[in-house]
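This note's numbering applies: residue 7 is where the sequence shown begins, and numbers increase by one.
If you are wondering where the hints come from, they were derived from the structure by calculation, not from laboratory data. None of the values given here were measured: they were computed from a predicted structure. No incorrect hints appear here.
Derived pair list, reagent style DSS-like, types lysine-lysine, alpha-carbon separation capped at 27 angstroms:
| # | residue 1 | residue 2 |
| --- | --- | --- |
| 1 | Lys89 | Lys115 |
| 2 | Lys120 | Lys401 |
| 3 | Lys225 | Lys313 |
| 4 | Lys87 | Lys164 |
| 5 | Lys223 | Lys333 |
| 6 | Lys257 | Lys223 |
| 7 | Lys115 | Lys401 |
| 8 | Lys167 | Lys87 |
| 9 | Lys392 | Lys115 |
| 10 | Lys115 | Lys167 |
| 11 | Lys392 | Lys89 |
| 12 | Lys225 | Lys242 |
| 13 | Lys87 | Lys401 |
| 14 | Lys136 | Lys164 |
| 15 | Lys167 | Lys136 |
| 16 | Lys87 | Lys392 |
| 17 | Lys120 | Lys167 |
Computed beta-carbon distance windows for the label pairs:
| # | residue 1 | residue 2 | range |
| --- | --- | --- | --- |
| 18 | Ala130 | Thr76 | 34 to 44 angstroms |
| 19 | Ala264 | Ala393 | 38 to 48 angstroms |
| 20 | Asp132 | Asp376 | 45 to 55 angstroms |
| 21 | Ala197 | Ala361 | 17 to 27 angstroms |
| 22 | Thr196 | Thr90 | 29 to 39 angstroms |
Glycine included, each C-beta is placed from N, C-alpha and C at the ideal position.
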Amino acid sequence: MRTRTLSGGLARVTGAVAVLLLATGALAACSESSDDKPSTGGSGSGDASAAIVAEAQQATDALFDTGSETPPPADGPAGVKGKTVWVVSCGQAVTGCSLLTDAAVTASKQIGWKTTLCDGNFNAGDQYGKCIRQAVAAGADGIILNSVDCVAVTQPLKEAKAAGVKVAAVNTFPCDGANADLATMVVPSTATPTIDAYGQAAGKAQADYLIATSKGKAKVLNFRFVDNFLAIEVNKGFEAEMATCGTCSVKNTDITLADYVNPSTFGQKSNAALLSAPDATAVHVPFDSFLTSGVGQAITSAGRAGKLDSIGFNGFEANLNLIRDGKGQTAALGADQEWAGWAAADTMNRLLAGAEPVAEGMGFKMVDADKNLPSSGSYRSDIDFKAAYEAVWSK
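With the hints as extra help, turn the sequences into a complete structure.
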């Protein structure tokens, strides 16, 4: 069982929260691991290497062409109107939290709920727990959590359960054991039914991109966020897939939470990491926020933009602008955060109707300067998920 601790100092950052410090977060005091050697999963033979590259290219082409998203569920309960639902945001100050939260609020109102948004403000002053307790005191029928892991709010969730309040959680890691039923997790997709599987699939997709673009010769500088649950899963998927490429190598730079939230030294440490890897041909980060917070600028300042392949995960507007302008990011694994918000509302509606959660169809699509780059804004799915959900709710 994964050890999960969380203190007032956020010794273990909740789910996607630190990720979503987007433009305000920072990295510092990077410590390099000893994993500065070729990955060992592949045999290194010509035929084997060619096969690995071909598989990575096929997977990457599929993500560019069709992606892994599927339509939302076509069946489900009609909207349970007249309910009161609170939506708890990980922190409205940053895009990564606000996009999903605002979408969940919009979808909730579309169903016909009286909706209150409570800004968790990255749990400053135990704000996550306060939001949940306020919702319970206000007589809420349901609470939607955005990137608020169960471990951070176990006691408030117990109080919500005792009061009969339904809780749906998105981008969230559940509690273990006896507390596993305190919140119902949104099921991203049939292929990735848990947040762990979802993160690992993202990491694998990022690795496939770098293996394919380098034709199996990637020398990757890998920024590992070791205090973030979702980032850990992304990195598991990334390193496992890179290990299949016997002609690739990975040099790890570990980032702790204390490093991440220190803006004064982030640029300097990003530069140091790049200087420590003069032969690197690629950069991997678990989330787009690493690139907008300084890694992208470090790549550009070092004169290595256009020479390094660099990939993030999310597809936020600021990152797509980096891709568009050639300023330190070449690709992003797009994941539509509005869809995640609507999926959270759909899961809540099912709970209020006495139904079980189902796979919501969420997935990824690869974005670079030539393919799937919108004219403006963050990544948006081609699937009209809003119309699909509305068709079910309006029955």
